[in-house]
Amino acid sequence: NAGVTQTPKFQVLKTGQSMTLQCAQDMNHEYMSWYRQDPGMGLRLIHYSVGAGITDQGEVPNGYNVSRSTTEDFPLRLLSAAPSQTSVYFCASKGLQNTGELFFGEGSRLTVL
Amino acid sequence: AQRVTQPEKLLSVFKGAPVELKCNYSYSGSPELFWYVQYSRQRLQLLLRHISRESIKGFTADLNKGETSFHLKKPFAQEEDSAMYYCALLTGRRALTFGSGTRLQVQP
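Chains C and B are the protein sequences, given in the same order. Counting from 1, one number per residue, gives the positions in the first sequence under the working numbering. Counting from 1, one number per residue, gives the positions in the second sequence under the working numbering.
These are calculated hints, taken from the structure and not from any lab test. We put the CB at the ideal spot given by N, CA and C, even for glycine.
Distance ranges between label pairs, derived from CB positions:
(1) C:Thr5 to B:His50: 25 to 35 Å
(2) B:Arg41 to C:Asp73: 20 to 30 Å
(3) B:Gly58 to C:Ser69: 39 to 49 Å
(4) C:Ser80 to B:Phe14: 47 to 57 Å
(5) B:Gly16 to C:Thr5: 36 to 46 Å
(6) B:Glu20 to C:Gly51: 32 to 42 Å
(7) C:Pro75 to B:Gln45: 19 to 29 Å
(8) C:Arg109 to B:Lys9: 12 to 22 Å
(9) B:Gln45 to C:Gln97: 12 to 22 Å
(10) B:Gln42 to C:Asp38: 12 to 22 Å
Once the Cα atoms are required to be at most 25 Å apart in a straight line, the calculated SDA-like pairs of lysine to any residue come out as:
(11) C:Lys9 to C:Pro83
(12) C:Lys9 to B:Arg43
(13) B:Lys9 to C:Pro39
(14) B:Lys73 to B:Gln2
(15) C:Lys14 to C:Gln85
(16) C:Lys9 to B:Met84
(17) B:Lys9 to B:Gln45
(18) B:Lys22 to C:Glu101
Work out the full structure: start from the sequences and follow the hints.
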């Protein structure tokens, strides 16, 4: 199993550009989520999903969209990138019956100029 | 609202010294707490959870509901323990809320 796979690993954008961070998992996990990691602020939840067709907002959802058309994929879209979205983004998944063990991707480092 | 506080950004100790990484939480429900660790160039991973009351790599953590704390402890630090440690709280939405993290540096 590859686990949780994120692409791209690195990306540089200009302000106002759009892009999609891809996340895929092969563990048949119902729950998937996106976090951003910023120095001194830890990991903050952006959006999450408990199954295909179901998404919900986390702590910092503004500026990000998600969709969950399949169990395996959970892309994160930035419609108009801003410098404040410069961060490291992590996708994570778990089975719904599992109370707390999240499986993380390797992270995607995004810089917005 | 739920909150996880890790007051120390950096904790530096010498090899063989005891370690205590502090974590305090705020949550109106029954808390489920976890410690996650991120070693250099590795993925963030679960270290231990309070429900299982286990010891992993010599680390233990006890939930103290009176003090709303879940401190991570190890009696004798090793250099390979150097990493970023995050305390996390499971909320009613089944989402994990993380603290800001503590970087542990174990010096030789």
